[in-house]
Amino acid sequence: MTTISGYNFAYLDEQTKRMIRRALLKAVAIPGHQIPFGSREMPLPYGWGTGGIQITAAILGADDVLKVIDQGADDTTNAVSIRRFFAKTAGVATTTRTDAATVIQTRHRIPEAPLTENQILVYQVPQPEPLVKLEPSRAETRRMHALAEYGAMHVRLYEDITRYGQVAISYDYPVMVNDRYLMAPSPIPAFDNPKLHQMPALQLFGAGREKRIYAIPPYTNVRSLDFEDHPFRAGRAPHACGLCGADTSYLDEVVVDNAGGRLFVCSDTDYCETRRDAGHVGEAA
Amino acid sequence: MTDDTLLSARGLNLRFGAIPALVDVAVDLWPGEVLAIVGESGSGKTTLLNVLSGRLRPDDGVVWYRDPSGRLHDVHAMPAPKLRALHRSDWGFVQQDPRSALRMGVSAGGNVGERLMAQGLRHYGSIREQAIDWLRQVEIDAARVDDMPRTFSGGMLQRLQIARTLVTHPRLVFMDEPTGGLDVSVQARLLDLIRSLVARLNIAAVLVTHDLAVARLLAHRIVVMQRGVVVEAGLTDQVLDDPQHAYTQLLVSSVLQA
Ligand SMILES: Nc1ncnc2c1ncn2[C@@H]1O[C@H](COP(=O)(O)OP(=O)(O)OP(=O)(O)O)[C@@H](O)[C@H]1O
Ligand SMILES: [Mg+2]
Numbered sequence: 006m007t008t009i010s011g012y013n014f015a016y017l018d019e020q021t022k023r024m025i026r027r028a029l030l031k032a033v034a035i036p037g038h039q040i041p042f043g044s045r046e047m048p049l050p051y052g053w054g055t056g057g058i059q060i061t062a063a064i065l066g067a068d069d070v071l072k073v074i075d076q077g078a079d080d081t082t083n084a085v086s087i088r089r090f091f092a093k094t095a096g097v098a099t100t101t102r103t104d105a106a107t108v109i110q111t112r113h114r115i116p117e118a119p120l121t122e123n124q125i126l127v128y129q130v131p132q133p134e135p136l137v138k139l140e141p142s143r144a145e146t147r148r149m150h151a152l153a154e155y156g157a158m159h160v161r162l163y164e165d166i167t168r169y170g171q172v173a174i175s176y177d178y179p180v181m182v183n184d185r186y187l188m189a190p191s192p193i194p195a196f197d198n199p200k201l202h203q204m205p206a207l208q209l210f211g212a213g214r215e216k217r218i219y220a221i222p223p224y225t226n227v228r229s230l231d232f233e234d235h236p237f238r239a240g241r242a243p244h245a246c247g248l249c250g251a252d253t254s255y256l257d258e259v260v261v262d263n264a265g266g267r268l269f270v271c272s273d274t275d276y277c278e279t280r281r282d283a284g285h286v287g288e289a290a
Numbered sequence: 009m010t011d012d013t014l015l016s017a018r019g020l021n022l023r024f025g026a027i028p029a030l031v032d033v034a035v036d037l038w039p040g041e042v043l044a045i046v047g048e049s050g051s052g053k054t055t056l057l058n059v060l061s062g063r064l065r066p067d068d069g070v071v072w073y074r075d076p077s078g079r080l081h082d083v084h085a086m087p088a089p090k091l092r093a094l095h096r097s098d099w100g101f102v103q104q105d106p107r108s109a110l111r112m113g114v115s116a117g118g119n120v121g122e123r124l125m126a127q128g129l130r131h132y133g134s135i136r137e138q139a140i141d142w143l144r145q146v147e148i149d150a151a152r153v154d155d156m157p158r159t160f161s162g163g164m165l166q167r168l169q170i171a172r173t174l175v176t177h178p179r180l181v182f183m184d185e186p187t188g189g190l191d192v193s194v195q196a197r198l199l200d201l202i203r204s205l206v207a208r209l210n211i212a213a214v215l216v217t218h219d220l221a222v223a224r225l226l227a228h229r230i231v232v233m234q235r236g237v238v239v240e241a242g243l244t245d246q247v248l249d250d251p252q253h254a255y256t257q258l259l260v261s262s263v264l265q266a
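Protein chains in written order, with our numbering: chain A, 6 to 290; chain B, 9 to 266.
Just chain A, same shape as in the assembly:
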């Protein structure tokens, strides 16, 4: 793909990138703490990952290899257009292979394959404030974070267990980062939460509309909120992938024919392909 001229490298001007990098440095210095930043208009509507895109634009170097996933898949419209955007504006190489990427921008998933110290994971975040449903006032949530007053969030979990016998949060399950800040991990499935903990890769979170950046530095403790007698459990559908037979990966249920036939398949398409290339076969394959 050829780069287009008339834009700065990776679209954003250098001054904006510096501003975002400063916010990123602060975010890395205070794991899990939300840093305000002057979010720019991007040639995409909010909800298309403008926060993630701005972070990616600010950290991309000419030698980086970019992977973009949406719900684990490299081939959705959103993922394809973001990948193309950076291929055009930065001329960087792109890949769908998790192990070949140096920067992975993601919406709603963490890849199944373990990430390394040489990689950065950039999350698109619609709502950075984990307390927003409990406390509508921004000033008050800031105060709650400042004083680490998170009792209200535990009340929410208490209510769930009382009503449903378990915590009824399956996405964006709140976590404590570095034993200090309560953080929204973005709408990844709770299944992915354990991967946040002690991850060797740097994790960066960008919320474009809400103008917030936060981060989890490599090898940081990240704990999903729970109770001693109701410990956090990462749920997944009790099936094996129909295509590659994986029985530990996160699965999507897809409709496969007009007769309403259904199939459970890995949501991480690269993981599934890699397994199939290595000879693994699922029951529907």
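Hint data in this document are derived by calculation from the structure and do not stem from the laboratory. Heads up, a few of these hints could be off.
[As the list claims (entries may be wrong)] Stretch by stretch, here's where chain B covers chain A in the computed footprint (C-beta under 8 Å, at least three residues): (1) 35-43; (2) 228-237.
[Stated by the list, open to error] Calculated lysine-lysine pairs in the DSSO-like style (CA-CA distance at most 30 Å, straight line): (3) 90(B) with 93(A); (4) 90(B) with 31(A); (5) 138(A) with 216(A); (6) 31(A) with 216(A); (7) 216(A) with 93(A); (8) 31(A) with 138(A).
Positions of the beta carbon are idealized from the N, C-alpha and C atoms, including for glycine.
On the provided structure of chain A, position chain B with the ligands as indicated by the hints.
What follows is chain B with the ligands alone, placed relative to chain A:
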């Protein structure tokens, strides 16, 4: 103040524009003691309670609090996180309107358990058990533990607020007209409950009321306020049976006439 005073205020002054809400007010409170602040509407009772509890800053004066280890703290010089921590642990606040203190969208058990969770308790079963125990102590049927407060009567809501406040065993509780807005029979039951809880748990309390009968029932000592000034203070029976100040005499006689 003496060596064992729990809370002690000196020289409190606060004006709202032209209104002198507190004028050179001094107050002492000893452990386990209930102090009533009485006076007519607008005399500065709520203002004094808020200043004593650190929720409102005076123009002048100081409020000292002695923690369980005997150390004194200047309440208005404490950093905000410390003061909030104090309000979550050693102290409690009971408001007149339970609806503004409770989480109305959270079950009774969740409301009572909140302070325990805020203190770091992370055992669901134990939180629930303590919530049930406290519901019993405030005479709410344990079977209501999972019910929403909106299904509770006014008197039950106030008892729920009291359970929610006392669950962490505070040493000092501030109460602003805790029986206001309730009808008389409900009031009487609530007063009885507060009296027995406070005595049994040896809680010190500052209680605002404009009802001298409430003060007589609950308080060991009483301060009488008029236009921001403490015009009389002393043992409850003494002040009410033998009022010295003309304003107190007026208050007492108007109660007798009522
Ligand atoms: N925030 C405020 N701004 C301006 N004036 C105030 C404020 N709060 C209280 N006041 C005034 O200060 C005086 C004392 O008010 P306060 O609420 O302490 O009285 P009170 O004794 O609690 O009365 P009540 O029995 O009606 O609750 C009143 O004149 C009141 O109007
Ligand atoms: Mg008042």
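Now the hints, each set against the structure:
1. 35-43: Since 0 is below three, the answer is violated.
2. 228-237: Answer holds; 5 residues pass the 8 Å Cβ test.
3. 90(B) with 93(A): violated (54 Å)
4. 90(B) with 31(A): The given pair, whose Cα atoms are some 26 Å apart, holds under the 30 Å limit.
5. 138(A) with 216(A): holds (18 Å)
6. 31(A) with 216(A): holds (14 Å)
7. 216(A) with 93(A): holds (25 Å)
8. 31(A) with 138(A): holds (26 Å)
Hint compliance for this structure: hints 1, 3 are not met, and every other hint is.
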